[in-house]
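J.: Residues per chain, in single letters:
Protein chains: 2
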Amino acid sequence: MRTIDWIDGAIEIIDQTALPDELTMLRLENFTELISAIQRLAVRGAPALGVAGAMGVALIAADPRYAGAEEPIRAAAKLLLEARPTAVNLSWGVKQALRELPRGSDAVLKRALEIRDTELANSLAMGARGRDFIKNLIRGPVNVMTICNTGGLAAVEYGTALSVVRSLFDDGALGTVLTLETRPLLQGARLTAWELKQLDIPFHLIVDSAGPFLLSRGGANVVLIGADRIAANGDTANKIGSYSLASAAARLGIPFIVVAPESTVDMSTSTGEEIEIEDRGSFEVTSFAGKRTAPEGAETINPAFDVTPVELITALVTESRVVRFGMGDSLAGL
Amino acid sequence: MRTIDWIDGAIEIIDQTALPDELTMLRLENFTELISAIQRLAVRGAPALGVAGAMGVALIAADPRYAGAEEPIRAAAKLLLEARPTAVNLSWGVKQALRELPRGSDAVLKRALEIRDTELANSLAMGARGRDFIKNLIRGPVNVMTICNTGGLAAVEYGTALSVVRSLFDDGALGTVLTLETRPLLQGARLTAWELKQLDIPFHLIVDSAGPFLLSRGGANVVLIGADRIAANGDTANKIGSYSLASAAARLGIPFIVVAPESTVDMSTSTGEEIEIEDRGSFEVTSFAGKRTAPEGAETINPAFDVTPVELITALVTESRVVRFGMGDSLAGL
Chain A
1 MRTIDWIDGA IEIIDQTALP DELTMLRLEN FTELISAIQR LAVRGAPALG
51 VAGAMGVALI AADPRYAGAE EPIRAAAKLL LEARPTAVNL SWGVKQALRE
101 LPRGSDAVLK RALEIRDTEL ANSLAMGARG RDFIKNLIRG PVNVMTICNT
151 GGLAAVEYGT ALSVVRSLFD DGALGTVLTL ETRPLLQGAR LTAWELKQLD
201 IPFHLIVDSA GPFLLSRGGA NVVLIGADRI AANGDTANKI GSYSLASAAA
251 RLGIPFIVVA PESTVDMSTS TGEEIEIEDR GSFEVTSFAG KRTAPEGAET
301 INPAFDVTPV ELITALVTES RVVRFGMGDS LAGL
Chain B
1 MRTIDWIDGA IEIIDQTALP DELTMLRLEN FTELISAIQR LAVRGAPALG
51 VAGAMGVALI AADPRYAGAE EPIRAAAKLL LEARPTAVNL SWGVKQALRE
101 LPRGSDAVLK RALEIRDTEL ANSLAMGARG RDFIKNLIRG PVNVMTICNT
151 GGLAAVEYGT ALSVVRSLFD DGALGTVLTL ETRPLLQGAR LTAWELKQLD
201 IPFHLIVDSA GPFLLSRGGA NVVLIGADRI AANGDTANKI GSYSLASAAA
251 RLGIPFIVVA PESTVDMSTS TGEEIEIEDR GSFEVTSFAG KRTAPEGAET
301 INPAFDVTPV ELITALVTES RVVRFGMGDS LAGL
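Chains A and B are the protein sequences, given in the same order. Numbered per our numbering, the first sequence spans residues 1 to 334. Numbered per our numbering, the second sequence spans residues 1 to 334.
Calculated directly from the structure, the hints in this document are not laboratory data. It cannot be assumed that every hint is accurate.
Covered stretches of chain A (chain B as the covering partner; in silico rule of three or more C-beta atoms under 8 Å from a C-beta of chain B) [claimed, not checked]: (1) 123 to 132; (2) 186 to 193; (3) 200 to 209; (4) 213 to 223; (5) 248 to 259.
The structure displayed is predicted, hence computed values, not measured ones. Glycine included, C-beta positions come from ideal geometry on N, C-alpha and C.
Go ahead and model the full structure; you've got the sequences and the hints to work with.
T.: This is the structure:
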């Protein structure tokens, strides 16, 4: 089953806000529905957002209300691109599709479908490459700690970091997985745990702040994360909490590995300092399932992402290479 | 208002499970009610548990069903002592009160009330001592990051780390407070945010995993935590997530300070390796407010505490001294 696909002239997605209770599909027939779905995280994850961006432009370009007029199509695409500011893949997908606009809406759709197929192939390539790299690095069972959701639900299928987990599992090299629940929206508890259950991969769910401590007690021998944007120097924006694991892993000498497609690398951003961090407001932190969890009027800081400096990252695994930052490799050879 | 007190022959506590929605008092007239209140965290926090332990023995000793017979009283006290295994203050309070048992139930109660009064005085002493130490350490506004609840609700009044915050605030030296929500039971969001609101102390609430990242971005210039048990070498058991802050603070050169009464120091435990970590089971992690947050059957690891090694701790502030571990001080001179 695909997280996002193009079916009969519209986008269909798994509604990730309904998991783990229900597996339901949403059909998105225009770009405002898509923007809403992106903003409330019904579709999320860097690779999936790349596909969503491109398919979103295909929706706009085919909309009879625009009658193929480039300017309003580009204006609508800009709104789509801004739906989530930190995720570079969304804007990458939008831009890729817009390049085809002069050749008409069929060309735009063709490019969007290519991106979908490429993301799927990339997931498989990252899985295999990451598995081989880690098997070389770690003797005996590989016990993975991971945060947020980097599985099929974050991509088209298979995912990024979780694609590596799946390859390790299929290979018999996986011990177990420690999955951080990933506050405030619990993508680890709701989505990653659900995917691992479906795949019969052994795991334990933990609260986020237990991650560093369980690393210190031998709970995992590698940390695998995805990425939302990777700066030219290797600094990596990913789900809030990634930095906390990286900081502890560096202290403990545990490999910390980022798994992401090349499209996540943003050579126009020189370091992590330049990455805009989306603050998602108070609501997610001060209430849960309709119940207040903090006193009325409590203010929050709610960064959706953090930035892990490259000096804390052992390596980046993409569909085409392993960049061993810890050994002095750089991204420049892209 | 006191978190725990002895009123007309019974223990009265603020029901901390009802906050921040409602401020309600619970009256506990026998020790099984007290054990239940401790286990579901209606009363919690190291100093408050010390008082609860002593007052619990007073309840048992005065219970006409035991008719002053020492053996069954000691057996009941043992159940009380085991209600929470990591909290050394609970067992300390129980033992202190039991020492008076040969002199009768009035002597036991007298000792329990002394412990209550001492904890209150200790809170004020820790607040003043911590304030003076930190003002010497940090020039300009003190911006505190803290986890869990270490305020009046964790003690009789004032608290430990939050007593220092309050002293800094009263002194005009406090900038702001970043309060970690403290999963899974959200003591930071429910209790600390509520106390800070009551006191008009400026704060922002954050998810736990944002703590280390916000430290790296200058969000706070000191970390203040409480403690549940301090080993003879200074290793400190405290709420899960403390280690994560300590690990990041050490890397960033930010002072990490433990504030706890001397009764939290357990010289019979030589290092943190010997401290038993209570696992509170799956329920707290896989559901919230009656709603499942993880797929059916998801297994968890749910440590209530972690252990921060002494090499990550700048100093311990107690009611009677500052032990600067970072400068080579040790606890031995107790």
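J.: So is the region 186 to 193 of chain A in contact with chain B by the C-beta rule, three or more residues under 8 Å, or is the coverage claim wrong?
T.: n = 4 at 8 Å, threshold three: holds.
J.: Do at least three Cβ atoms from the region 248 to 259 of chain A come closer than 8 Å to Cβ atoms of chain B?
T.: Since three or more residues must qualify, the claim that chain B covers the region 248 to 259 of chain A holds, with 3 doing so at under 8 Å.
J.: Within the region 200 to 209 of chain A, is the number of residues with a Cβ closer than 8 Å to a Cβ of chain B three or more?
T.: Contact hint for the region 200 to 209 of chain A vs chain B: holds, 7 residues under 8 Å.
J.: Using a Cβ cutoff of 8 Å, are there at least 3 residues of the region 213 to 223 of chain A near chain B, or does the coverage claim fail?
T.: holds (count 4)
J.: Test coverage of the region 123 to 132 of chain A by chain B using CB-CB distances below 8 Å; three residues minimum.
T.: violated (count 0)
This entry does not satisfy hint 1, going by the numbered hints stated previously; all others are met.
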